[in-house]
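Chain residues, written in single-letter form:
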Amino acid sequence: MSDHRLALFRAMVRARVLEDRLASLYLSGGIPGGSVFLSRGQEAFSAAAAMQLRPGDVYAPLIRDQAGRLVRGETPLDAIRVHLGRTTGVTRGRDGNIHRGFPRQGDLAMISHLGSTIGTVAGWLMGLRQLGKAGAPGDLAVGLASIGDGGMNTGALHEGLNIAAVEKLPFVLCVTDNQLSYSTFSDRTYACRSLVERAAGYGLRGVAIDGTDPDACWAACRDAVARARAGEGPQMIVAKLLRLAGHGMHDDASYVPAELKSRFADGVQTYEVVLRKDGVLDEAAAQALWDEYRSETAAALAQAQAEPSPDPAQEPWTALSTRALA
Amino acid sequence: MSSTYIEAIRRALGDALAEDPRVFLYGQDIAGTFGGAFKATKGLAERFPGRVLNSPISEDGQAAVGIGAALAGCRPVIEFQFADFASVAFNQMVNHAATHWWRTGVPVPATFRLPAGGTPGGGPFHCQMVEGWLTSHPGLIVVAPATVGDAYHMLRDAIACDDPVAYLEHKHLYNHLRIDTDPSRAERLPLGKAAVRRAGRDCTVVSWSGMVHECLKAAEPLAEQGIEIEVIDLRCLRPLDTATVLASVERTGRLLVATESWPFGGVAAELCAWISEHGFSHLDAPPRRLSAQDTPVPFHPDLFRAHHPDAARIAAAVVETVEF
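So the sequences go chain by chain: A and B. Under the numbering used here, residues 1 to 326 are what the first sequence spells out, in order. Under the numbering used here, residues 1 to 324 are what the second sequence spells out, in order.
These are computed hints drawn from the structure, not numbers from a lab.
Partial list, computed: chain B residues near chain A (C-beta under 7 Å):
(1) Ala72
(2) Cys74
(3) Asn91
(4) Trp102
(5) Pro138
(6) Asp163
The beta-carbon is built from N, C-alpha and C at its ideal position, and this holds for glycine as well.
The whole structure should be built from the sequences, with the hints applied where relevant.
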């Protein structure tokens, strides 16, 4: 029991430390372009979901999934390299910040158009079926995709999720309802009481949880992934929480009332208190953990900053992989 | 054995399914005994159980499935019922599939079949030639076969290609074009190369898809007037084989590009601009475009026939260009 709780907390802290460093780097002008998008307040759900996956599964993270990405094997160095646009990063400076992934390993590189990855994960799982690589019955390869309350309103989400349901795929949709589409509150973006009500409309199983409670996140994600893996078809989890940051570092989120913010806990802080009370870690162990990740991030940043930026003269400037046509 | 254009497409799909276990088909109404709105997949669901799959009316979702399956290692062929409806999948094709290799180093070998072009009575939403908006985005290969042999080989090449390919098949050619041989034995030209369909010394006339046949039809009366046109079938619109066109213009000194698509932007405009830029010294007359009217495609057959170029208008434009 406590093993996974400690691992979950570690993943949350690791993401928080990395993102805090990227945020300060943004403020000091150290990010060459774009913004830095923080998952503050969303680490628990992201990490808990990704921790249920294994090699061969498909993962489609979104904007606020630093924790899940790290769980899946990305390193802070990988993340920093892409934010800095380094040639050593997986996008080689051609794309930045959150638009990174490891598609060969089943970790998609998102595009900015929300909902686009839902049908893509469904297609990946259909492809595995075609290739006879879907896994043994009852032990299927799972596809897990993130979406927010904002992305839930795109046509792409609807089409992709409906296809996943029609095909009865081992698909898990993790919906983070952080109450905000950029600056617009959800009273202007959906009219049902909870987004989980939509699950029935697609013919899939849905559960609603408190996204600020890491243990609730863990239990729901473990159950949903297990059901998908067992062949019960697509699952939806709706985690209610509050985005504890702006849309990106360029946004001070001054439109979020203080009263609302006071009602939503920061899972990283509260979970540390809970785990210490439960004896999962003591003060010294907690401090050592934060220190470990601060050192890790500092070393990664120092390394990435010493690495080269792309040289436009070395760029082949072709968008086709077929050399004869490039 | 003989083959129509649509039979060549069906044959290519069947051969690809038979030869490559990574291939599967996904589209609206393509499975069962129905076999698609134009019967391109007729009989394939029975021959290849589980590999010809009906989709919901979800073009964005269909394209997304193609991208995901391609990344998983498949060679999916996504059928849109009409090219017009691929506009719903525009984002997936141009932002997702077309950028993927460049962003990640991992290509997306998906084929998107787009039944395109005009047939009388089709109206604004079942007749469009959509290459204008597809070709403007880097990372997407766009092909438009004009012959039965190309319909076969270019579909096989599209499926074999590591990059995403939009395959524009002309609906008017489906049953109007026939060859008396096995399409798989027809000449196979490389993807990305244009073909000179008729040699001539006086004017280079470039087109693609259904319009190639109007150009060839125009060539005969022009020849009787002593004007020999060189008809080039572009075959592949992105990338564009500018070298073949330039070499022809060097011989003829004149260029006419005939298209069923609209005048603003697009392939004809691009080709005329490119030849003006790179072949200016060879030109004896301004490069000329002959395009559709700048309106949606009309419903009534009389309006429809007047909407886009035909052999007579091509011949008249050639005479004006030659007499410039």
